[in-house]
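Protein chains: 2
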Amino acid sequence: MFESAELGHKIDKASYDAEIPKLRVALLDAQFDLAQQASFPVIILVNGVDGAGKGETVNLLNEWMDPRFIQVHAMGAPSDEERERPPMWRFWRALPPKGKIGIFFGSWYTTPILQRVRGKTKTSELVQSIDQINRFEKMLTDEGALIIKFWFHLAKDAQKKRLKSLEKDQKTRWRVTEADWENYKLYDKFRKVSEHTLRETSTADSPWVVVEGTDPRYRSLAAGRIVLEALRKRLDHQVKARLLKVAPLQPPIDQLDVFDTLNMAQKISKKTFDTELEKYQGKFNLLTRDPKFRKLSVIALFEGSDAGGKGGSIRRITAALDARRYRIIPIAAPTEEERAQPYLWRFWRHIPRDGGVTIFDRSWYGRVLVERVEKYCSEQDWMRAYSEINDFEEQLVDSNTVLVKFWLAISKDEQLRRFKEREKIGFKRFKITAEDWRNREKWDDYERAVCDMVDRTSTDIAPWVLVEANDKNFARIKILKTLCQQIEAAMKKRK
Amino acid sequence: MFESAELGHKIDKASYDAEIPKLRVALLDAQFDLAQQASFPVIILVNGVDGAGKGETVNLLNEWMDPRFIQVHAMGAPSDEERERPPMWRFWRALPPKGKIGIFFGSWYTTPILQRVRGKTKTSELVQSIDQINRFEKMLTDEGALIIKFWFHLAKDAQKKRLKSLEKDQKTRWRVTEADWENYKLYDKFRKVSEHTLRETSTADSPWVVVEGTDPRYRSLAAGRIVLEALRKRLDHQVKARLLKVAPLQPPIDQLDVFDTLNMAQKISKKTFDTELEKYQGKFNLLTRDPKFRKLSVIALFEGSDAGGKGGSIRRITAALDARRYRIIPIAAPTEEERAQPYLWRFWRHIPRDGGVTIFDRSWYGRVLVERVEKYCSEQDWMRAYSEINDFEEQLVDSNTVLVKFWLAISKDEQLRRFKEREKIGFKRFKITAEDWRNREKWDDYERAVCDMVDRTSTDIAPWVLVEANDKNFARIKILKTLCQQIEAAMKKRK
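If you read the protein sequences in the order shown, they are chains E and F.
Residue numbers for the first sequence follow our numbering, so the first one is 1 and each next one is one higher.
Residue numbers for the second sequence follow our numbering, so the first one is 1001 and each next one is one higher.
Watch out, some of these pointers could steer you wrong.
[What the hints assert, rightly or not] Cut-off 25 Å, straight-line C-alpha distance, at most; resulting in silico cross-link-like pairs (PhoX-like, lysine-lysine):
(1) 1292/F to 1492/F
(2) 1283/F to 171/E
(3) 279/E to 1171/F
(4) 1010/F to 1138/F
(5) 1013/F to 270/E
(6) 1156/F to 1168/F
(7) 189/E to 122/E
(8) 1022/F to 472/E
(9) 492/E to 1171/F
(10) 283/E to 1168/F
(11) 1156/F to 1192/F
(12) 1022/F to 270/E
(13) 13/E to 1185/F
(14) 279/E to 1168/F
(15) 1472/F to 22/E
(16) 189/E to 161/E
(17) 492/E to 424/E
(18) 13/E to 1271/F
(19) 1283/F to 1472/F
(20) 492/E to 270/E
(21) 22/E to 10/E
(22) 161/E to 185/E
(23) 271/E to 1424/F
(24) 295/E to 492/E
(25) 1492/F to 171/E
(26) 22/E to 1022/F
Hints were generated in silico from the structure; no laboratory data involved.
Based on the provided sequences and hints, a complete structural model is requested.
As structure tokens, then:
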């Protein structure tokens, strides 16, 4: 992949000087249209060999364009708030909104490549990172992002020459560190690992662009033109929604689904409830005060039929906890800032730090439930959501989050009974709206969506817990008990 | 202030049990109305003596109300992202939006009181903190926030008894730490400092409520009722805008203002410009790479007449810097999330960490300029903004921020010339809109607003730099030079 970038590309000063003014005007124009349309974000990744002009190019792009609408993110050492969350959290929080350009200097490629070069990871781990990156970038482009991935390259002797010449000049000497020479010694390994990574991550939607870094004029002009062309192409030819190539989901032909296996008649006596409630609330409380808990975090999410008892169950959990420890995130319509970002952004922003408990009252599953049934998004949007969600949850679990997903199931009759009851009781009046009655008419559609959701997102690492909730007390105990079990299991694994 | 809270208040079980169900329904009702109206945020501070039931009360409020609309913030040790910003940053980022309740467990009172009790600060420093707190809370209530400040109190012997009884019970033993007994030894000092602080911060808009903590039933019922009453009162009687008691601002009777002192004819030759530009860009670059710079941060804000040359000046600054080091914040209309917060919130969220440079293209001064002239806010809103801004800037400077405020002044004729020029040049077309022409018609109103702004916010710690900008090059050099000088001065001070 690097051959063409070792040919010694050059541009003479006259051609460069003639080209630049036009290029700048065109870039400013494109940037203006981008801001006006505000229909997609631009993500520029800057990676490559040390000394190949990465920093210079970033500075130049800022100089040529309007820097007010560019955000540059230098991904140095993570802060403590970042370290206590999945590695991708820092990138999610830095994603540019629609209409803006985000330049990542040091990107999600940096750590996987360097770790492998330094022998801190195995090839199999690199392969896994590559797979995750491909899925992440696919999600971004599916969400509409324009991704431009630059690799600035230098042949081995060119890098040596470049470092030496930087060292010679008093003005630039500071830029060459010992680490740079250490890296230089690893050049061959670095080239090999990078080559592999670039090959495996150069996809149709987000291909790599390798730019030879030896000649500043060539490098700058190439980078500028690539950005311009990518922007212009995207701005002028609005991407048509691609047709999804999967067959539509089919209901099971015998009409048997996971909910048929639930014994909805399960209930417990008031006495058993009182004993068990005290037992499991106490246990839960103790678990969160265990020193081992400080290395974990808990995300419990609640989905379920309307009037399924989410609120009541959540209160039984929080009653066991110190209020300083948990955070409840009720999911409502996305805000303006959230709408300018990929779908999962508004959930990423609420990921707890170590030792925290976050409870989602409804969740990212809205995409494949209400948004699917009510047609708030296209079929391909909710179809791709299944794997995006699985990827998201895998990252949570990988970073020591105990993720527990509850579906509170009630029968259609029980729902009717609860709706009527709610209408009668004063302080519950706000829990029942005309929308609830409308949703009820779509009971079958929702059931279909729920079954597909469970089929496609109940994974080994994050299985769905189906809760028979016709009896509220039975449900509450099952939920508390499950939470305790999962936390205990996670603690044992860490021993 | 604590006498009434040492009387041994008690509530018997029967009265308590009779009262609670009604109280809970009423609280839920009020909370529902709060969410529906979404016209103000509720901020509850929980402070007081250790063992007086602070944590229990927070948990109870969460149990009684709908915890999904309450955010509890335990203010423990600050994260590194928090430590590198003014101390109040962590509170600003945690403020609840309109319609929600934020409970601060450990508040802006905690550190000033404990530092004084432990002898780490002098009385004069406490007095200063108190003054800052009063101004901060006044800003919050002026912005519409409802603040409820709880102080849970225990007499000295009651505290001793409480700690001993917690220690005796195996279930609660963990809650008593050595630090608690250390604090107990300081009880008298703590009482004295707290009494002083409470007295000085109990204002008409945000009075303290002292609650005796000995009897859990009394304490809980009192807290619940106070929250209910405060909420209900505010919800049912929308606060009428108070009339501002200051006289309206008067233009100077001789029509002489600060702008008359500017020599707008100043200009420099192209040759001087080129030499000076290289000199000061180089100097600025070196300064930001000085190890001492890592303990500073820079905020440069740009205001000025339309077409005053803000963008061009900003580009001359950023051209001197590595793009990883700076961030430009163009100020546009506030987003939905920003509108649900106090005015200054949207600026606080962009405060840089140590070593960072943040450039505001327009700023918090919009309140006293465009919002005043265009009547987007009331007279009392912009009148109070002057002191709110001064308080804000004082905090920035106190936490080692070099704050430089530039006003780019051009003459009315020069503006006309630039407007016409912009209309002619293709890639500058987006810089001139119908709005610019409309604003121009209000030239005198804007000039009046600018003079008042300079008079009221050009302070010793953050003076305005008025830049004669009819000659763009003169302006650019003055700006770069000033920035260098101010950073050097700040570095010298830290030696």
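>> Run the distance test for residue 189/E versus residue 122/E: straight-line Cα separation, threshold 25 Å.
In response: holds, 13 Å
>> Checking one constraint from the list: CA of residue 279/E to CA of residue 1168/F, max 25 Å. Satisfied?
In response: holds, 21 Å
> Going straight from one Cα to the other, do residue 1283/F and residue 1472/F come out at no more than 25 Å?
Replying inline: holds, 20 Å
> Given the hinted pair residue 1010/F and residue 1138/F, is their alpha-carbon gap at most 25 Å?
Replying inline: Answer violated: residue 1010/F to residue 1138/F is near 34 Å, above 25 Å.
> Regarding the pair residue 1472/F and residue 22/E, is the alpha-carbon distance no greater than 25 Å?
Replying inline: holds, 23 Å
> Taken at face value, is the distance from the CA of residue 1424/F to the CA of residue 271/E at most 25 Å?
Replying inline: violated, 83 Å
> Going straight from one Cα to the other, do residue 1156/F and residue 1192/F come out at no more than 25 Å?
Replying inline: OK: residue 1156/F and residue 1192/F at ~12 Å, within 25 Å.
> Is the hinted pair residue 492/E and residue 270/E satisfied, with a Cα-Cα distance of at most 25 Å?
Replying inline: Not satisfied, since the Cα-Cα distance of roughly 33 Å exceeds 25 Å.
> Given the hinted pair residue 13/E and residue 1185/F, is their alpha-carbon gap at most 25 Å?
Replying inline: The hint is violated at about 77 Å.
>> For residue 1492/F and residue 171/E, compute the direct alpha-carbon distance and say whether it is at most 25 Å.
In response: holds, 24 Å
> Are residue 189/E and residue 161/E close enough, with their CA atoms no more than 25 Å apart?
Replying inline: holds, 19 Å
>> For a C-alpha distance cap of 25 Å, please report whether residue 13/E and residue 1271/F respect it.
In response: Measuring from Cα to Cα gives roughly 23 Å; hence the hint holds.
The structure fails to meet hints 4, 13, 17, 20, 23 and 26 from the earlier list, while all remaining hints are met.
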